[in-house]
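Engineer: In case you want the letters, here they are:
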Amino acid sequence: MITYLQNNYPEILSDLVQHLWLALIPIVVGAALSLPLGYLAVRIPSLYQPVVNVGAVLYSIPSLALFLMIPVIIGVGYLSPLNVLIGLSLYTLALLGRTVADALISVQGETTQAAQALGYRPLRQLLGVELPMAAPVLFAGLRVATVANISLVSVGALVGSGGLGDLFTGGFQLGFVEPIIIGIVLSMLLAGVCDVGLVLLQRRLTPWTRVGGRA
Amino acid sequence: MITFDQVTKTFPGGNVAVDDLSLELPTGQITVFVGPSGCGKTTSLRMINRTIEPTSGTISIDGEDVSTQDAALLRRKIGYVIQHAGLFPHRTVVDNIATVPFLNGVNKKQAREEAVQLLARVGLDESMANRYPTQLSGGQQQRVGVARALAADPPVMLMDEPFSAVDPIVRDGLQKEFLRLQAELGKTIAFVTHDIDEAIKLGDTVAIFRVGGHLAQVGSPQELLDNPADEFVADFVGRDRGFRGLSFVTADKLEVEPVRAYVDRATGARLVLDDGGRPQGWRFEEIGSPQPLAGTFTVEDNLRLVTDLAISSPAGAAVRVDHDGVADGVVAHEAIARHLTAMRRESER
Amino acid sequence: MLNYFGYLFDGANWQLSGDSSIPERLAQHVGYTLAALALAALIALPLGLLIGHTNRGAFIAIGLGNLGRSLPTFGLVLLLVVYLGVYIWPVLLALIVLAIPPILAQTYAAIRSVDPAAVDAAVGMGMRPLQVLFQAEVPMALPLIIGGLRNALLQVCATATIAAYASFGGLGRLLIDGLNRNQYDQVLAGAVLVAALAIALDYISALIERVVVSPGVRERGSRRSRRSRSAARTQSRTEESAVSTSR
Numbered sequence: 001m002i003t004y005l006q007n008n009y010p011e012i013l014s015d016l017v018q019h020l021w022l023a024l025i026p027i028v029v030g031a032a033l034s035l036p037l038g039y040l041a042v043r044i045p046s047l048y049q050p051v052v053n054v055g056a057v058l059y060s061i062p063s064l065a066l067f068l069m070i071p072v073i074i075g076v077g078y079l080s081p082l083n084v085l086i087g088l089s090l091y092t093l094a095l096l097g098r099t100v101a102d103a104l105i106s107v108q109g110e111t112t113q114a115a116q117a118l119g120y121r122p123l124r125q126l127l128g129v130e131l132p133m134a135a136p137v138l139f140a141g142l143r144v145a146t147v148a149n150i151s152l153v154s155v156g157a158l159v160g161s162g163g164l165g166d167l168f169t170g171g172f173q174l175g176f177v178e179p180i181i182i183g184i185v186l187s188m189l190l191a192g193v194c195d196v197g198l199v200l201l202q203r204r205l206t207p208w209t210r211v212g213g214r215a
Numbered sequence: 001m002i003t004f005d006q007v008t009k010t011f012p013g014g015n016v017a018v019d020d021l022s023l024e025l026p027t028g029q030i031t032v033f034v035g036p037s038g039c040g041k042t043t044s045l046r047m048i049n050r051t052i053e054p055t056s057g058t059i060s061i062d063g064e065d066v067s068t069q070d071a072a073l074l075r076r077k078i079g080y081v082i083q084h085a086g087l088f089p090h091r092t093v094v095d096n097i098a099t100v101p102f103l104n105g106v107n108k109k110q111a112r113e114e115a116v117q118l119l120a121r122v123g124l125d126e127s128m129a130n131r132y133p134t135q136l137s138g139g140q141q142q143r144v145g146v147a148r149a150l151a152a153d154p155p156v157m158l159m160d161e162p163f164s165a166v167d168p169i170v171r172d173g174l175q176k177e178f179l180r181l182q183a184e185l186g187k188t189i190a191f192v193t194h195d196i197d198e199a200i201k202l203g204d205t206v207a208i209f210r211v212g213g214h215l216a217q218v219g220s221p222q223e224l225l226d227n228p229a230d231e232f233v234a235d236f237v238g239r240d241r242g243f244r245g246l247s248f249v250t251a252d253k254l255e256v257e258p259v260r261a262y263v264d265r266a267t268g269a270r271l272v273l274d275d276g277g278r279p280q281g282w283r284f285e286e287i288g289s290p291q292p293l294a295g296t297f298t299v300e301d302n303l304r305l306v307t308d309l310a311i312s313s314p315a316g317a318a319v320r321v322d323h324d325g326v327a328d329g330v331v332a333h334e335a336i337a338r339h340l341t342a343m344r345r346e347s348e349r
Numbered sequence: 001m002l003n004y005f006g007y008l009f010d011g012a013n014w015q016l017s018g019d020s021s022i023p024e025r026l027a028q029h030v031g032y033t034l035a036a037l038a039l040a041a042l043i044a045l046p047l048g049l050l051i052g053h054t055n056r057g058a059f060i061a062i063g064l065g066n067l068g069r070s071l072p073t074f075g076l077v078l079l080l081v082v083y084l085g086v087y088i089w090p091v092l093l094a095l096i097v098l099a100i101p102p103i104l105a106q107t108y109a110a111i112r113s114v115d116p117a118a119v120d121a122a123v124g125m126g127m128r129p130l131q132v133l134f135q136a137e138v139p140m141a142l143p144l145i146i147g148g149l150r151n152a153l154l155q156v157c158a159t160a161t162i163a164a165y166a167s168f169g170g171l172g173r174l175l176i177d178g179l180n181r182n183q184y185d186q187v188l189a190g191a192v193l194v195a196a197l198a199i200a201l202d203y204i205s206a207l208i209e210r211v212v213v214s215p216g217v218r219e220r221g222s223r224r225s226r227r228s229r230s231a232a233r234t235q236s237r238t239e240e241s242a243v244s245t246s247r
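Protein chains in written order, with the working numbering: chain R, 1 to 215; chain G, 1 to 349; chain F, 1 to 247.
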């Protein structure tokens, strides 16, 4: 195992880096888009159920199928990294859209009524009151989406953009277990680091959730 | 009869929840355990059906030590009602009520029929039978909870703050119905509450617990109001003990003045009656239409009610009616006070 | 554009017999998916119920759940095939192993989320432990338990698709073979069929859920308005979908 690592270090590293941006860009894009989507689904109640249903249907589609339908729809090549990026963004959006909507619904109550009575305009209230209150739920969803995406990127190896997934296919074709094991370990480590990173970010952004007495 | 014999419960970590409790709960009566948070009242209750086991001491029901019996079978013979009803959301109301009969192997059809009868007993309409708990209000769920506890006709019932989670008006209705039910059924009931007024209203015997699991005083509500054992009990029972004690004295010995001739000396007000003799209100000389009464009382009502009526009345007097609602007497503040003085002299002799 | 659908609409591919016909592949895919799910459930459900009911060993359920979520499914499948050979059973093993953590974690969470007052009542009325579990806890936890099974179903279906790379059968073969031969109509046929299968399986399992779960316990579409959802329940719902990850 160690020899394999030593011999193939540069390749492994570049796979890791590719994996990282293939996973994180869709997270950022998907999360960013999920905020307005979720907000609209709350503001316009008739939108809520369709958003949930479409999201559920989208999320039920196996990743490889999704990656291979996108080229047909938008006309890029089968091996373009856009397929993976767009596919994972759609997954993230499907998952987080509902999370945002449910989170915003759940924070409606006395605090938001007070904010409105104080004179907050809707956008400021959203950004300054509702989203911070919804932060724990939002971060929970974000962590799930992140770990999921990191696992799914490796499937992209079948369409030319696999990150660490290339270690899986490479290892398979040659019959070596070492690259596969290294790929699995690195992928899990990456997921773990991102998860911890998100937890730390959450703590930084929501200091009020950590202090306070026990009820 | 339920007997606690030197029962102690210490939780891991050292917390003494119940300390050397010895107490008798008379058969066929309601015994209320009352006290502040952390006084061990719920713990004591739950040791009766062994949902909590004592660290030492024994609890017996009609002479049989509960720890010698199979816990599950013991519990099926004890009705158990808890604060938020704890109904099974996945079963209909009828199937909820019939839970213990089902467990005992009673034929399902028969058990369900009997459950429907119980619905009427607890004041619910038969149409509720096939609804699910989530479709019921809090008060309705509580009634189903009581019906469920009664289904196997157990001689003993344990009730843990059953009426605390509903609003005061609903609670009042539930309490009245509960007393009516108990008058019919005569079960041995252990009832836990943190509300001293509820304890006084419902209990035949009241046991006041102190924080740390000590029994501060046991006795009838009247005894607790008249002779609190120490400052804690006096405080817990409340400042207006005397006034509340009046709720145990009926108005049957209270002298009243005749209705027709009655004139309030202070304001000159007269009582206005309708053709049937029922009171409509007080007419004052200056004001045209009669001012309505705050209420009326009968000979069965208690002195606390009568005093309150007299105080709230615009004419400073309470009006007594017979069972048809016909006014048959008036009693003013001063007369009530005289009556109380006479009562005191009586008791001192 | 139209020639993308050539494969899908070619009658020859829809014959009921023959190794590489669509119905054959479909049957393989569905068969392996359901078999793997059933075996995973056989292990994970009792274990989840036990851990949930006794609340001992919770760290196993939660830990395995987290572990399973971060394990790359593709990697595991290929690893087992390289180790154990290019047969069907290593892939099945991978499918089962990958399906256990979400079912286990979700079943555990489901039992723990049951209303404690109802459980207290059940015990206090004289139900024995197994009766409490099966007559009270499980029916109340059923929506979440079935939710976990549905998630696992979709995960297994998706992983079975990818396993075609390791010479596994099923509809994934259309995708892999199509890619290898640059036959893009075959690829699209495969993609559409796999997606349709997944959606159909999800829909059918939703119907099963409606039948099996008591009307008094259904959360979605119940009389409770969604506005009354508390933050805690939203968090637990997010965790509920959290168990579903790999597709």
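Hints were generated in silico from the structure; no laboratory data involved.
Worth double-checking, as some hints may not be accurate.
No farther apart than 20 angstroms at their CA atoms in a straight line, the calculated lysine to any residue pairs in the SDA-like style are these [what the hints assert, rightly or not]:
{"#": "1", "chain 1": "G", "residue 1": "Lys109", "chain 2": "F", "residue 2": "Pro129"}
{"#": "2", "chain 1": "G", "residue 1": "Lys77", "chain 2": "F", "residue 2": "Pro129"}
{"#": "3", "chain 1": "G", "residue 1": "Lys176", "chain 2": "G", "residue 2": "Ala266"}
Just the calculated beta-carbon pair ranges, DEER-fashion [said to hold, decoys possible]:
{"#": "4", "chain 1": "R", "residue 1": "Gln116", "chain 2": "F", "residue 2": "Gly6", "range": "50 to 60 angstroms"}
{"#": "5", "chain 1": "F", "residue 1": "Thr54", "chain 2": "G", "residue 2": "Gln175", "range": "52 to 62 angstroms"}
{"#": "6", "chain 1": "R", "residue 1": "Arg43", "chain 2": "G", "residue 2": "Arg239", "range": "45 to 55 angstroms"}
{"#": "7", "chain 1": "G", "residue 1": "Gly238", "chain 2": "F", "residue 2": "Asp115", "range": "31 to 41 angstroms"}
{"#": "8", "chain 1": "R", "residue 1": "Pro36", "chain 2": "G", "residue 2": "Gly14", "range": "33 to 43 angstroms"}
Even glycine gets a Cβ: it sits at the ideal position worked out from N, Cα and C.
Engineer: State for each hint whether it applies.
Structural biologist: Now for the hints, and whether the structure bears them out:
Between Lys109 (chain G) and Pro129 (chain F) the alpha-carbon distance is near 26 angstroms, which puts this suggested pair outside the 20 angstroms criterion. Restraint check for Lys77 (chain G) and Pro129 (chain F): the C-alpha separation of about 17 angstroms stays at or below 20 angstroms, so the hint holds. Taking the CA atoms of Lys176 (chain G) and Ala266 (chain G), the gap is about 38 angstroms. The hint is violated against a cut of 20 angstroms. For the pair Gln116 (chain R) and Gly6 (chain F), the supplied restraint of 50 to 60 angstroms holds, since their beta-carbon distance comes to about 58 angstroms.
The hint said 52 to 62 angstroms for the Cβ distance between Thr54 (chain F) and Gln175 (chain G), and at roughly 39 angstroms that hint is violated. Between Arg43 (chain R) and Arg239 (chain G) the C-beta distance comes to about 53 angstroms, which sits within the given range of 45 to 55 angstroms. Hint check: Gly238 (chain G) to Asp115 (chain F), Cβ distance near 35 angstroms, so the stated range 31 to 41 angstroms holds. As the Cβ distance of Pro36 (chain R) to Gly14 (chain G) is approximately 55 angstroms, the hint placing it in 33 to 43 angstroms is violated.
Checked against the numbered hints given earlier, the structure breaks hints 1, 3, 5 and 8 and satisfies all the rest.
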